[in-house]
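Okay, here's what each chain looks like letter by letter:
Protein chains: 2
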Amino acid sequence: MYYIGIDLGGTGIKAGIVDEQGNIILKDSCPTGAERGYGAVIQDMANLAISVVEKSGHRMSEIKAIGIGLPGVMDSRTGRVPFCTNLGWHDVPIIQEMAKYTDRPVYVDNDATVAGLAESVAGVSAGCANSLFITLGTGVGGGVIIGGKVFSGSHGVASEIGHMVVVADGEPCTCGMRGCWERYASATALIREGRKLCADNPDTALAKAVDGDLKAITAKHVIDLAKQGDPDCAALFDRYVYFLCLGLRNMVSLYDPEVIALGGGVSHAGEFLLNAVRAKLPGMVFYKDMPFARVELAKLTNDAGIIGAAMLGR
Amino acid sequence: MYYIGIDLGGTGIKAGIVDEQGNIILKDSCPTGAERGYGAVIQDMANLAISVVEKSGHRMSEIKAIGIGLPGVMDSRTGRVPFCTNLGWHDVPIIQEMAKYTDRPVYVDNDATVAGLAESVAGVSAGCANSLFITLGTGVGGGVIIGGKVFSGSHGVASEIGHMVVVADGEPCTCGMRGCWERYASATALIREGRKLCADNPDTALAKAVDGDLKAITAKHVIDLAKQGDPDCAALFDRYVYFLCLGLRNMVSLYDPEVIALGGGVSHAGEFLLNAVRAKLPGMVFYKDMPFARVELAKLTNDAGIIGAAMLGR
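Chains U and Y supply the protein sequences, listed in that same order. Per this note's numbering, the very first residue in the first sequence carries number 1; after that it's consecutive. Per this note's numbering, the very first residue in the second sequence carries number 1; after that it's consecutive.
Isolated chain U, as found in the complex:
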């Protein structure tokens, strides 16, 4: 049997036909066009799924299930998506809409969750019963695998690890609270701190790298300068790694996974990030004499969404 995995993003829809082992047989994509409303987007997802199967030379009867990963939350009891902010979705009956175009069972989950599942099936945490995938991007998202399965909790809201408060009364967060981990461990945090640095010190290497246009600062600017040994950016990066490890300590204390896989934009810093985390985390975990999670870079990157979504139905 085969599976279809659909990765629904703010700008594009990707779909692939995937085998039992998590290998993509064939994939394709189309623009999301979210402004058309959910009906048209869901119809395009279904059409893309059907066309991928046809192009691969297989038939829909060979497809065991269709999985969808999206940048929002799914309520599996109601079959509806309560929130998907990037797409402007609110309370969307996604299962019912998909059923208009296909009789295959449809499973839906958060995109970070789906990427975590992909890593646990065919990526860096393959074979681990308990693993955690963390995406360090605009925000911080998480995919929690417990006992080889996606862990979504009792109401589908588990694994909102980016909104774990680590600095009581800290930086304001988009969620209305203060001090959420993602305010300190996201690419956005590096950008914010980079801008602060330059606003106070227009002569820094970082300010020069963007010709004084502070809005142009990216996480990559900060990381690249830190790599090159610029002391200001190295200090920002050190502080970033401290907060990243603070949250990782909490992840170790709460989920105690075998592997923590880092993905998302900041993870493109590669070994530079990994080495910094591996140097700092052991001194910050609770049980310093006991083994704890290996921290690794996620492996599947662009295909994780398709593979993980496909595996939702396995």
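The set of hints was computed from the structure by calculation and includes no laboratory data. These numbers were taken from a predicted model, which means no experiment stands behind them. Think of the CB as a built atom: it goes at the ideal place given N, C-alpha and C, for glycine as much as any other residue. Be careful, since some hints might not be right.
So the derived list for chain Y, only partly shown, Cβ under 7 Å to chain U, looks like this [claimed, not checked]: (1) 160; (2) 164; (3) 166; (4) 167; (5) 174; (6) 175; (7) 210; (8) 214; (9) 257; (10) 274; (11) 291.
Knowing the structure of chain U, use the given hints to seat chain Y on it.
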């Protein structure tokens, strides 16, 4: 079949014979005498277990397993207790020692974990797949139940919820970090803040309640005065509830349990605590429009250790 549950504490050992449903048939206790070393303590545990079975009129052949809950951490892969600070234990081969006195299988876990299991079998979270027990005492401990079973993670260190950092660079913790949740949500936190208040203001009702002897301040003093409407203690209690709810927000975002059961010394504040938490938490969770965990008082209190330990072998 029946089970034996042993609750090993710093001052006393309690043991009971328990049926499949988590009912205690007969129980007994003896002093711990930790200063004698682990060999004598473990021998006493085994003897107490055997004597409880005899007194109940049953035979050891009817006992499916023996469970032990202790105030430390267990490494189930090695069968050893790496740390049990209250008893002065370090790397104790508990399974091997118990095998000297009984041929029944022995299971060991942390006492808060065991209490969480008890609540999930025969207490306030009975019937819930996912639940969380939190003990608010000298520290903050947790018992995490996922899919009806104790969740201990991949290295046995999951559920160390009291050492989740919620205030980066905050109050120093016994573990060497700063800002752990238990520094803010334990009985110890109420005592510390009570002492600070009185040191600055010797005319407060709290200072008078202990005749100026700040070392005599307990969490109960602060809570009782807050209940009576003393504005200073009400403010301390409000701040305490804020930090408690901050951690509960994180618990909802990470574990998303059906029920969160509060136990330990501070939970003796009863409805006064429960009402305060239920009033504040809904405004602090991430998904404000979605259902989340019911917060309840733990039900089994003194018997939770025996019942939960017994259920480890079920």
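Going through the hints against the structure:
With a least beta-carbon distance of about 4 Å to chain U, the hint placing residue 160 of chain Y at the interface is held under the 7 Å criterion. Interface restraint check: residue 164 of chain Y against chain U, minimum CB-CB distance 5 Å, threshold 7 Å, status holds. The interface hint given for residue 166 of chain Y is met, as the beta carbon of that residue sits about 6 Å from the closest beta carbon of chain U, less than 7 Å. Interface restraint check for residue 167 of chain Y: the shortest CB-CB distance to chain U comes to about 5 Å, inside 7 Å, so the restraint holds.
About 11 Å separates the beta-carbon of residue 174 of chain Y from the nearest beta-carbon of chain U, more than 7 Å, and the hint is not met. A least Cβ separation of about 6 Å between residue 175 of chain Y and chain U falls short of the 7 Å threshold, and the interface hint therefore holds. Violation of the interface hint for residue 210 of chain Y is found here, the shortest Cβ-Cβ separation to chain U being roughly 29 Å, above the 7 Å cut-off. Restraint check, residue 214 of chain Y versus chain U: the minimum CB separation of about 25 Å is more than 7 Å; hint violated.
Annotation: interface hint on residue 257 of chain Y holds; nearest CB of chain U at approximately 6 Å, less than 7 Å. Interface hint status for residue 274 of chain Y: violated, as the beta-carbon distance to the closest one in chain U is roughly 20 Å, over 7 Å. About 5 Å separates the beta-carbon of residue 291 of chain Y from the nearest beta-carbon of chain U, less than 7 Å, and the hint is met.
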